[in-house]
Every structure is written in structure tokens, then in C-alpha cells.
Amino acid sequence: GIQVEQSPPDLILQEGANSTLRCNFSDSVNNLQWFHQNPWGQLINLFYIPSGTKQNGRLSATTVATERYSLLYISSSQTTDSGVYFCAVGDSGGSNYKLTFGKGTLLTVNP
Amino acid sequence: DVKVTQSSRYLVKRTGEKVFLECVQDMDHENMFWYRQDPGLGLRLIYFSYDVKMKEKGDIPEGYSVSREKKERFSLILESASTNQTSMYLCASSAGPDEQYFGPGTRLTVT
Numbered sequence: 001g002i003q004v005e006q007s008p009p010d011l012i013l014q015e016g017a018n019s020t021l022r023c024n025f026s027d028s029v030n031n032l033q034w035f036h037q038n039p040w041g042q043l044i045n046l047f048y049i050p051s052g053t054k055q056n057g058r059l060s061a062t063t064v065a066t067e068r069y070s071l072l073y074i075s076s077s078q079t080t081d082s083g084v085y086f087c088a089v090g091d092s093g094g095s096n097y098k099l100t101f102g103k104g105t106l107l108t109v110n111p
Numbered sequence: 112d113v114k115v116t117q118s119s120r121y122l123v124k125r126t127g128e129k130v131f132l133e134c135v136q137d138m139d140h141e142n143m144f145w146y147r148q149d150p151g152l153g154l155r156l157i158y159f160s161y162d163v164k165m166k167e168k169g170d171i172p173e174g175y176s177v178s179r180e181k182k183e184r185f186s187l188i189l190e191s192a193s194t195n196q197t198s199m200y201l202c203a204s205s206a207g208p209d210e211q212y213f214g215p216g217t218r219l220t221v222t
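Chains as they are written, first to last, in the working numbering: chain S, 1 to 111; chain B, 112 to 222.
Extracted from the complex, chain S is given alone in its bound form:
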């Protein structure tokens, strides 16, 4: 099946710093989503972005499907950004409803 690798596995920032999280995938995709899991375990969808660029406030994401990677940018980070960020993809050879998740990037933002 499709492989999803996220980097870095851990990231520690001071409040106000910017960061870039990366997601590499091993095959063509028909679905790509970024999620944030807060310290209480709740998963929130950030972006549905199988290709192109999107922005939502301080967060933006870019997927270059032909090169098999996606990037999540966090600007002016806040302590509430702490948690685990997951990239999940749907293999274009299968159902675009079936997502394969990466292992996540654990982000800690210190005040």
C-alpha cells in the first residue's frame, strides 16, 4: 500500500516562530488532508488539499502531487498550535474515501 512519511517527527518552537511540516507519499493520490490533534485527543481537519495551495489564517498548505509531497506552514505560532499534525492520503488506485495516515509531527509551542 501507499507509504506516508512525515517530518520532522518532533518540533519545539517558541511562540511567534514559523514552521514547515512535510509529508511525503510513495504513490499518486486522489485525496490529501491535514489534521491537527490537540492535547486532549480531538482531531480537527485543517485542509483538504490533493493539489495546489490553500490558506486559512496563519496556516497554509501546498501539495505538489507530481513530486509526491505536501507542506503545512504555520506562521506566528501560538501555544494553542501544540499537538500532533497528521497528513493523510488516499491512493489514486483505490477509493478516495480510504485514507492512510502518516505517523504525525508532534509540535510543542512554548510561551
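Please note that the accuracy of each hint is not assured.
Examples of chain S residues toward chain B, derived with CB under 8 Å [claimed, not checked]: (1) Gly-16; (2) Asn-18; (3) Ser-28; (4) Asn-31; (5) Gln-33; (6) Leu-43; (7) Tyr-48; (8) Tyr-73; (9) Phe-86; (10) Leu-99; (11) Phe-101; (12) Gly-102; (13) Lys-103; (14) Gly-104.
With a straight-line Cα cutoff of 30 Å, these simulated DSBU-like cross-link-like pairs (lysine-lysine) come out [to be verified]: (15) B:Lys-168 x S:Lys-103; (16) B:Lys-114 x B:Lys-124; (17) S:Lys-54 x B:Lys-114.
Treat the hints as calculated values from the structure; they're not laboratory data. Bear in mind that the values here come from a model prediction, so they are computed numbers and not experimental data. Quick reminder that beta carbons are idealized off the backbone N, C-alpha and C, glycines included.
Use these hints to put chain B onto chain S, whose structure you have.
Using the frame of chain S, we list chain B on its own:
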């Protein structure tokens, strides 16, 4: 706002018991999903359903079954719970292939 609720936040069961995990969504979504989350492994899809009484296996269906008798409700069943099924179980729903909305999770411990 989409609301996905799960019947229990924490559950403790004994080996061999039959376990039911319930998930309800209030947005008339066609698609519902069950995942398990384990440390270091990210989220893995167990089953999903794209319509009432319709289901499809995910990546790790062994030891689990599902039931969807009504559109808003999707149940995960552990026919005979085993200790290796101790995990966090997450339910999600979606209208289409984009934006999956997650419930708060059920932390199941099998002793």
C-alpha cells in the same frame, strides 16, 4: 457545526467479552469511518461505510465487525475482545471524499 459523538470516553472490558462502540453523527453524512490509534503507528482504518447497510474493509479489519442500520449511527463490534485490541478508537464522518469530521474517541482497555 458537525457533531460526531461516541458512546463512551473510556471503557474497560475483559478478554473474551463482546464489545460495542457506538458512533452518531448529526449532519446527514453518507460516509462513516472507524479508526484505531496506537502510539507510534498513527491512525489506521478498520472499516468504513458509504451508505446504510454498506461497508468496506479498511486496512486492519481482523477481529472487528461493523453495523450501520441507520444513516446517523455506525457501530464497531469486537466479537471477542483481546488485549491487543486495547487502543484509542476514533469515529469519523464525511459528506464526500473531503473533510472527515472526528468524534472525541473512546479509549478501550481490555484486561
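Q.
Which constraints among the numbered hints does this structure fail? Numbers only, ascending.
A. 1, 2, 3, 8
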